[in-house]
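Put chain B on the given structure of chain A with help from the hints.
Residue numbers (the UniProt record's numbering), protein chains in the order written: chain A, 1 to 156; chain B, 1 to 156.
Hint data in this document are derived by calculation from the structure and do not stem from the laboratory.
Possibly wrong hints are sitting among the right ones.
Sample of chain B residues lacking proximity to chain A, with all beta carbon distances greater than 12 Å (derived) [as the list claims (entries may be wrong)]:
(1) T7
(2) K25
(3) E41
(4) D42
(5) T109
(6) A120
(7) D131
(8) E133
(9) I135
(10) I153
Across the chosen pairs, the derived CB separations fall in these ranges [claimed, not checked]:
(11) P146/A x T127/B: 30 to 38 Å
(12) T136/B x E29/A: 40 to 48 Å
(13) K25/A x P146/B: 38 to 46 Å
(14) G43/A x V8/B: 48 to 56 Å
(15) A120/B x T7/A: 20 to 28 Å
Every residue gets a Cβ at the ideal spot worked out from N, C-alpha and C, and that includes glycine.
2 protein chains.
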Amino acid sequence: MTTPSDTVYASDQEKLAVAIGEALKGLAEGGIPIGAALFDEDGRLLGSGHNQRVQGDNPALHGETAAFLNAGRQKSYRKTTMVTTLSPCWYCSGLVRQFGIGRVVVGDTVNFFGGQDWLAENGTEVTTINDPELITIMGDFIRANPELWNEDIGEE
Amino acid sequence: MTTPSDTVYASDQEKLAVAIGEALKGLAEGGIPIGAALFDEDGRLLGSGHNQRVQGDNPALHGETAAFLNAGRQKSYRKTTMVTTLSPCWYCSGLVRQFGIGRVVVGDTVNFFGGQDWLAENGTEVTTINDPELITIMGDFIRANPELWNEDIGEE
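Just chain A, with the same shape it has in the complex (with noise of 0.2 Å):
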């Protein structure tokens, strides 16, 4: 769960660090290393998490749905931007149209593209970023843990 701060996060870089600190997390607890963090638009934190499939036997906990759920309940998502360390995944990406989410920033499209696309055309304003050190972690994650790593996209 995530602790309520009043820290801004102002800039896409900071935002990012929260993710990669979860996915980071994920890694050392023996997850699949992909972490989210939803901020308000002041850039405050509304709630971070990661991927729970291996250490929390949970499938429905992608990055971005972990960290929808530890922001708790919301009126309006349209000012929010969400925060993920790999391209959304279609479901995460519908995650993000349903709730209205209004920006989502990627840090890695280099090992996954998801839906991000998709959301640009409904009104979602994406932003991709990136991060070489996030593709590294990432691509040797799945390089080393193939059949995880498609589990949880859902490729057999």
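Same frame as chain A, but now just chain B:
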């Protein structure tokens, strides 16, 4: 959670009855009455669940995502059927598409129409039942709880 069972739910109407049972459980708990159930290719129940926004204080568990969670980790969803009491929103449609759930059975498209045409266009087999009793239950709930319903689908 779902108790494993060898019971075979042969027809769509029998499968829908499981999802309706979940929806009614949710209603009895004071929650939003939407339920879903995931079945294997032989009609055996893998997992079922219901919306947990109110009673679980959990915005991430819609009927479909709750059923998906309770089915546990699966290697393949290609031959599974997701039965849901209400047309799947973009979030739940994204779940179906990402994990390649082969078939979706929808109990009610009158009170809400989500991403099911998009799923059909992308290869999911979609069957609509439109059960009159179910439509009444959900319609009554929405009319009595418009704010809660709007929160659940991200409408302001």
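Can you give the numbers of the hints that this structure goes against, from lowest to highest? 10 and 15
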